[in-house]
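Undergrad: Residue strings, one per chain:
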Amino acid sequence: MQRIYVHPLPVRIWHWINAVGFVAMIATGIQIRYVDLVGLMSFRSAVNLHDWIGFVLIGNFFVWLLFYLFSDRIKVYHPELSPVKHFRGSFRQLQYYGYGIFKGDPNPHHVSAYHKFNPLQSMTYQIIMLLLVPLQFVTGILLWDVKGFSAAVEFFGGVRVVDTVHVLCFIFFVGFIFIHPYLASLAHTPTAHFKAMFTGYEEVEDQPVGAPPE
Amino acid sequence: MARLRKEDTATRGRFHKDFLVGIIAAFLLFSATFMTVRAADSALSEADKGCLSCHSSEGLKKDLANGETLALHVQGEAFAKSVHKAIGCAGCHGDVDLKNHPAAQDNIKSLRQYAIERAAACRQCHEDAFKQHEGSLHAARVSQGNPLAPVCTGCHGSHSVSPKTAYETCVNCHSAALGAHRKWLPNAGLHHEVVSCAACHAPAALRMIDLRLYDSAAKGWVSEKEGSPLFEKLARSMDADGNGLDAAELRNLLREINRDAIAAPRTLRGRVELRTGVEAHRLSDKTQAIKACDNCHSDGAEPFRNITVSITGPDGRPVRYRARKEVLSSVLSVESLREFYAIGGTRNKFLDVLFVLALFGGIAVPVGHMTVKWLFRKYLKRGEGR
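Top to bottom, those sequences are chains A and B.
Each residue of the first sequence is one higher than the one before, counting from 1 in this note's numbering.
Each residue of the second sequence is one higher than the one before, counting from 1001 in this note's numbering.
There may be inaccurate statements among the hints.
[To be verified] BS3-like, lysine-lysine: derived pairs with alpha carbons at most 30 Å apart:
| no. | chain 1 | residue 1 | chain 2 | residue 2 |
| --- | --- | --- | --- | --- |
| 1 | B | K1378 | A | K147 |
| 2 | B | K1085 | B | K1061 |
| 3 | B | K1373 | A | K195 |
I should point out that these hints are in silico values taken from the structure, not numbers from a laboratory.
Model the full structure from these sequences, guided by the hints.
TA: Here it is in structure tokens:
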């Protein structure tokens, strides 16, 4: 078992702030949207918390963005340009999660410092980080001050359209927040990936390919 | 000039017994101030023109014994456009006897006393509003002698009463209201725009949602043209079952309204209003006003149970047609009500279903996967052994 440095400090800080923040945003979002069904806190407290945490998360997003823009680690987000290779890799990964994992087959993806995502993760995180998260933030800011941003709200089709996009993203993240930690528990031990996101080091069995000297 | 002479003759003919009024009328017909009367000619009755022949004179006033000055000038055009044009001057000033008008003596002690006494004229027609007002904060302040507390004319004006929103009415005095609300109310500016003041400050009143037709290109409310009341007819034709517009009928109505539109489409903008304007007079102290957000921001909240779709009528008053409450939460409303949404209160049922699916799916996937792993644990051990 070899230890390789996969998660640099800014990424770990961003990740855990993001994780706690998104759980809080989902909780306050549910409270705001379903005040007649949920009684965690008052509507007004939920709105205030939702607003503040939202701004923290927007700031945090720029920690992630600036780190990757000014680091060679951005390679982890480079897309696989060959569709054949991408879909073959995705299929293998799906086959592993849906069948091979039950037989004890090895994970077809081998983690390295510049190749930490499997093909499914790579595609999912590109969509999440470059589309869904920014969309959630932009629609959230517009809803935070509908009157102040009335021209932009009108441009995007009206407040109900903006809210519907915000809620659709929220619904996606509700599902994600359960499935993401479960998939993270499917390492060689259930806590290995969680520990790695604190220490920065992943434990891998094979010799990593393309890893810089630690 | 011939027309002026004719009208002058008509005026004198009507009041030929009142020499004084006749002289004044004849004089004013040739004065500059007559221009105001002439502009309103087509709208006003002959009797009202008679009154305005004196009262349209700018600067006409009465000096009161306490040193105050009571303005007697009435803007003819404004009165001609007011909702009270139909009842004319005599509707409120029926006590004026032309034989001794203007009276040599009167008992007007002060402007304030006169304004309070004139409220009796409003009461003749607006008894229901008057009763609501009697229990209001404004009435209590009047009876306490507060000189700033408004009587009828304080909010509605006197000779230019026209339809306007509660907000337009209230901010005349409560100009600091927006700043005060910003201290505690998120999106205070938007709330002031889409929630009638009385919806919160008359807490006992029943509320509703009015969806008013808005012209995005002209940046203003769509008005019905005088003499061609198409909106109600169109809405009625869409409402096939006659029980109020449902979501599909509302969408069809908007499509029909925008059928020939080449610019930005006409949309519906919602406002929380009182079901009857009369109840807006029952204003309470601000400590009693509604502050709890879930009065509106929860599913099935009281304001969202009564819905109207409306257009601004030719006289400024809304022409309303009933809609079913489901229009607010239908998936079709993303198109037809794209400019009206209240968190919680108008939430889309389709999105609720998706949310439940995501929640249970998010839980079911890990639980299901773990279960399959547990069921196949003996194969797992064999594989790991390899």
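Undergrad: Hints first: check each against the structure and report whether it holds.
TA: To see whether the hints hold, each was checked on the structure:
1. A threshold of 30 Å between alpha carbons decides the hint, and for K1378(B) with K147(A) the separation of about 61 Å lies outside it, so the pair is violated.
2. Between K1085(B) and K1061(B), the direct Cα distance comes to roughly 22 Å. Compliance with the 30 Å bound is thereby established for this hinted pair.
3. Using a Cα cut-off of 30 Å, the hinted pair K1373(B) and K195(A) holds, with the two alpha carbons roughly 23 Å apart.
When the structure is compared with the earlier hints, a violation turns up for hint 1 alone.
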